[in-house]
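Student: Residues per chain are reported as follows:
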Amino acid sequence: MSGNINHEPMIEMFVFETSQQIEQLEKHILDSEKDGSFSREAINDIFRIMHTIKGSSAMMLFKDISNLAHSIEDIFFYIREENPANIDFTYLSDLILDGIDFIKIELEKLNNGDPVDGDASKLIEAYKEYLTALKKENSSDSNNSDAESKSQEPADNIQYYEMKKRVDEKNYPNSYKAIIYFSDGCEMENIRAYTIVHNLKELAADISYIPADIMDNDESAEYIKKNGFTIFFKTDLSYEKVYELLQNTIFLKDMELYQLENDDKSEQEKESKAGISEAAKASDSSRNQDNAGRSAISNMNAPVQSMISVGVNKLDKLMDLVGEMVIAEAMVIQNPELEGLELEGFHKAANQLSKITNEIQDLVMSIRMVPLSTTFQRMNRIVRDMSRKLNKEVELRIIGEETEVDKNIIEHISDPLMHLVRNCIDHGLESPQERILKGKPRIGVVTLEAKNAGNDVLIIVRDDGRGLDRERILQKARENNLISQHTDELSDKEVFSLILLPGFSTKSEITEYSGRGVGMDVVKKNIEEIGGSIMVDSAPDKGTQITLKIPLTLAIIDGMIIRVGVSSFTIPTSSIRESFRPVANSIISDADGNELIMVRGEFYPVLRLHRHYNIRTDRTELSQGIIIMVEQDEKRLCIFVDELLGQQQVVVKALPEYIRKFRRIKGIAGCTLLGDGTISLILDIAGLMTV
Amino acid sequence: MKKILICDDSSFMRTHIKTMVTRNGFEVIGEAEDGLDAVVKYKQLKPDLVTMDITMPNMSGIDALKHIIKLDSNAKVVMLSAMGQEALVKESILAGAKSFIVKPFSENDLIKVLTKV
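Protein chains in written order, with our numbering: chain G, 1 to 691; chain U, 1001 to 1117.
Hint data in this document are derived by calculation from the structure and do not stem from the laboratory. Heads up, some of the hints might be wrong.
Unchecked claim - Straight line, CA to CA, 30 Å or less: simulated DSBU-like cross-link-like pairs of lysine-lysine:
id: 1; chain 1: G; residue 1: Lys27; chain 2: U; residue 2: Lys1002
id: 2; chain 1: G; residue 1: Lys177; chain 2: G; residue 2: Lys225
id: 3; chain 1: G; residue 1: Lys241; chain 2: U; residue 2: Lys1003
id: 4; chain 1: U; residue 1: Lys1103; chain 2: G; residue 2: Lys109
Produce the complete structure using the sequences and hints provided.
Tutor: Put into structure tokens, the structure is as follows:
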């Protein structure tokens, strides 16, 4: 391969495309295993995918991947052509999945910029053994003797050469002998040789060549490699013309051309005894008319595909820029210097600008949206592997996989989802015997569901297993000092949400799949990091349902801007329930001095933001400020602030590392720039509730 | 400048070939993702040269080649094949492919074939 190729973008493309194909392959394998057979379509697809991977990775000089793909391709070629009986699908799936894992690891290495150094020889060996065993078994089954001849195409695919001599053969005056040598490594020399014959047949007659069996015997390639390809023919062209013609041969390394005298004919005859002389005449007209879908093509209106792929980093940059633009727009339109001016024309123009900015923003967001299907489909593999290891029968149902979320968010929910699915199978579902004793269907069902709910996406992981055990959870929580004494007052929901606390795990023994110190608290943390929330529902022997509520996007949120003293804060509009001016005597204090406010007969805790963050303000009396009631995870909190400044879309910026890591200030999710250039801190409602 | 239509179901291969040929003074006027697409695009774009992968979904490269030859008997189609596809390569030569190249190939080889064809 020529060394001047810039490999970076090629590697990126290679990884991207191969990952997609591997995922498709995995899906085919899992589906086929489930059905207990490979459909025609699946076999073709698997064959094609392996073929493509073989080609691409060979181009990139990843030999192990290429060889591995080749050996899988061979297996499926055999299955496709010979349709062998008694395939052990589970075993074959295992084998192929091992190969998939190998390629996955290599791709991961590429992604991290590491060298691709995996050794696939053991796997390849296993594939070869499998194929040999399959062939053996099959040929003894049905005396199909030619099972070994691998490159044999089905008969109707081959266009055999016509052996007839031309009747209207012209009597050409000049006889030639040429010996042609091809460049090293050009491959399939016999077919290259045939190309020469094919091209000559218009201009020459009496064509014969050595070796003669170039079309029927691929071993002849070896002969040509060693000895060159010798061809005799008659034509009316001059030596120069013939020389020029043959010089045009592709991959020509060397050539000898002799014009033969007429009595040299004996030489020709002598030499060609080795083979069969044949007149080159290919039947161009009598092509097999494969009629499948033929006539349709000519009438087809061209559906011009207009897709391009764009790097995610470019999209990230675009998103950033749009964010900056939204801020800049606000800075212009809400510029303090404009205050009090009569600017009708300006406002008209500004409105137009806002409209366009909004549209661009929506568009950019929609570009970044990707369906959850890939993430969901990945769970198939986990379910398969786990159900076999744990001897449980599990069916995975997937609903709403077409639901879309921001690319960034997908990356954050993949691991939590995997954990939840594992939990369902490991802890939730009972063994088949236990299920039968309970009168449930033998096969346990795990459901993955996604749906849109306003600005959020709900992802539900549900099993029909044994459900959560309230008493055991309480006992465990007490042992770990996670709760105080009065447990009777806790609702089921409150008890179930205890499993989300750090250091909670009811299963005493640690299994391979779940409970390796990574508990539900990590899931909760991951989901909360992206502004989502998690809810647990369960009923004994009916099953458990975990609902993740995640925002559609992280980048831009609808926020209510509020003021406390000279500071500005932003509360995500999605969590605001209502705001009101409190009446002085509606507030009471409990024994610990915590303030509560009564709204329509219910008490809610009050958080005075100025006290919480030590901000100096003159509005400390409740009647002077305003209360905003927020809700998160079905809990409510009343936040007392000085005043509301207005609602607007804000671009979320991460907090500086210093504030995140060293100060660990609770209750702040990020920050944003307002139109007048001031910084507004975005409140993290879930965080505020835990302080 | 010779106009090329690249037919391959792998976008990686398409990009790879495109990079190679563009560097050597060819113009890529279209890309097709399967055989059907290739036939349609051939009709539309009338390229000087076609690179045709053999294994593609919907319609194989060979069937696409046959259609293209039917449309234009002088079409210059170069097949992209892999080891083990000897029979298919033969079939495509019989069907009118001008030449073929075996993966993995180098930039040099590809350009050599395309220039000669």
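Student: Please work out if Lys27 of chain G and Lys1002 of chain U have their alpha carbons no farther apart than 30 Å.
Tutor: Outside the cut-off at roughly 41 Å; violated.
Student: Taking 30 Å as the top limit, are the C-alpha atoms of Lys177 of chain G and Lys225 of chain G close enough?
Tutor: holds, 18 Å
Student: For the pair supplied as a hint, Lys241 of chain G and Lys1003 of chain U, is the alpha-carbon distance within the 30 Å limit?
Tutor: holds, 28 Å
Student: Is Lys1103 of chain U close enough to Lys109 of chain G, meaning Cα to Cα at most 30 Å?
Tutor: holds, 24 Å
In the structure shown, a violation is registered for the earlier hint numbered 1 alone.
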